[in-house]
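S.K.: Residue numbering for the sequence shown follows the numbering used here, beginning at 9 and increasing consecutively.
FYI, nobody ran anything at the bench for these hints, they're computed from the structure. Please note that a few of the clues may not be correct.
[Said to hold, decoys possible] Here are the simulated lysine to aspartate or glutamate pairs, EDC-like style, with alpha carbons at most 20 Å apart:
{"no.": "1", "residue 1": "K363", "residue 2": "E336"}
{"no.": "2", "residue 1": "K119", "residue 2": "D95"}
{"no.": "3", "residue 1": "K80", "residue 2": "D48"}
{"no.": "4", "residue 1": "K188", "residue 2": "E169"}
{"no.": "5", "residue 1": "K254", "residue 2": "E169"}
{"no.": "6", "residue 1": "K75", "residue 2": "D48"}
{"no.": "7", "residue 1": "K119", "residue 2": "D153"}
{"no.": "8", "residue 1": "K254", "residue 2": "D399"}
{"no.": "9", "residue 1": "K75", "residue 2": "D95"}
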Amino acid sequence: MTLDHVRTLSGGINQTGVRAYNERLILSILQRNSGLPGRDLARRTGLSPQTASVILRKLEQDGLLLKGDPVKGKVGKPSVPYLLNADGVFSIGLKIGRRTADLLVLDALGKVRHQLRDTYDYPLPNAVFAFLRDGFARLMDDMDDNTRARLCGVGIAAPFELWSWHELLDAPADEFAAWKDADFVAEVGRITDLPVRMVNDATAACRAEHVFGIGREYRDYIYFFLGAFVGGGVVLDHAVFEGNQKNAGAFGTMPVADLRGRPAHLIDLASIRTLELRLIEARQDPRQLWEQPQDWSHLEAFVQPWLEQAADALALAGVASCAVIDVEAVVIDGAMPNGIRERLVDMTRAALATKDMRGLIPPVTVAGQIGGNARGIGAAAGPIIGQLLLDRSAALFDQG
9 MTLDHVRTLS GGINQTGVRA YNERLILSIL QRNSGLPGRD LARRTGLSPQ TASVILRKLE
69 QDGLLLKGDP VKGKVGKPSV PYLLNADGVF SIGLKIGRRT ADLLVLDALG KVRHQLRDTY
129 DYPLPNAVFA FLRDGFARLM DDMDDNTRAR LCGVGIAAPF ELWSWHELLD APADEFAAWK
189 DADFVAEVGR ITDLPVRMVN DATAACRAEH VFGIGREYRD YIYFFLGAFV GGGVVLDHAV
249 FEGNQKNAGA FGTMPVADLR GRPAHLIDLA SIRTLELRLI EARQDPRQLW EQPQDWSHLE
309 AFVQPWLEQA ADALALAGVA SCAVIDVEAV VIDGAMPNGI RERLVDMTRA ALATKDMRGL
369 IPPVTVAGQI GGNARGIGAA AGPIIGQLLL DRSAALFDQG
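All chains should be modelled from the sequences, with the hints used to inform the complete structure.
M.R.: Have a look at this one:
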């Protein structure tokens, strides 16, 4: 992806007492670009060169920015770009999935520095929180002093109402009911005093794509993430839209139809759980879908019909979403091998071209760039965004 396509921020304020806002604005611009000199930052923000210079010096002193190598070859003095310091801030993310739990350390540039994973048939509170306690201790032992000192928080991504998923996971309802009383924030509070942020797992994946991936190229788009169950997110005016109950983009319940035209829901057609069921019917172990590194090449007889079904259902969901939101893109990602994702995107694009879109402007269909780790990365990104970046900044983007 070329940075020429990344939408830019604007709208700085010079008044006294709003430095925190201007700092966030500059950090947000640099997060979306590979590096910019002070004069470009001043121009993009509308700040005076003097104000921008003061803020940049402070951010550099705080360890959040670095100066890059001078850029020569232009008229005048060589320009020196400012870059985000990858070691300037870190956060921890916990992803609780239907098949796996991940605990990871994320740096300021969205790179995973450390990661632990636990795989299970279905998640239960005692096991997940034991993994959190043990994993947190291991991660802290693996960190150097600078990383520990610059941890800014813990983000947790989990499906909403986990207790209601027991039937789809063939899990015991009485054991799963324990999730109703689970207090994620309290559990984290028992092991650290770092601030905690909670988010829906699919929304977290959308946020990771929006901040670190291809989402920077588009203003409005819908995002599908295919995990054990399909979910997603919505981005409007360059901001992840969470909705009134923070559950926007719950595409699993969207009515669609199967390849025979029979009514169905997206969750029944485009979830990896559907592929698991195909393997179970053939008396094969579905856990092989989640083994790392993922390789589904020996499962082509099951994968191809699943892709055909999932792509057509995603295309129908894309049409319905365009009718409501008028998005410019459909972004598709998931916990699957990269080659499978590319095939799914190509097949969804082809299926979308066959649908009746009278009165609608067809969106582009593209692959997400973050991959299967998107939910954990999105969880960990929450504390970094909350402390350093502009979170809801729709009015601050130019429309070019």
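S.K.: Would you mind marking each hint as holding or not holding in the structure?
M.R.: Going down the list of hints, with the structure as the test:
1. K363 - E336: holds, 17 Å
2. K119 - D95: holds, 10 Å
3. K80 - D48: Roughly 15 Å separates the two Cα atoms, so the pair holds.
4. K188 - E169: holds, 7 Å
5. K254 - E169: holds, 13 Å
6. K75 - D48: holds, 14 Å
7. K119 - D153: Holds - the C-alpha atoms of D153 and K119 are around 18 Å apart, at most 20 Å.
8. K254 - D399: Roughly 15 Å separates the two Cα atoms, so the pair holds.
9. K75 - D95: Satisfied, since the Cα-Cα distance of roughly 14 Å is no more than 20 Å.
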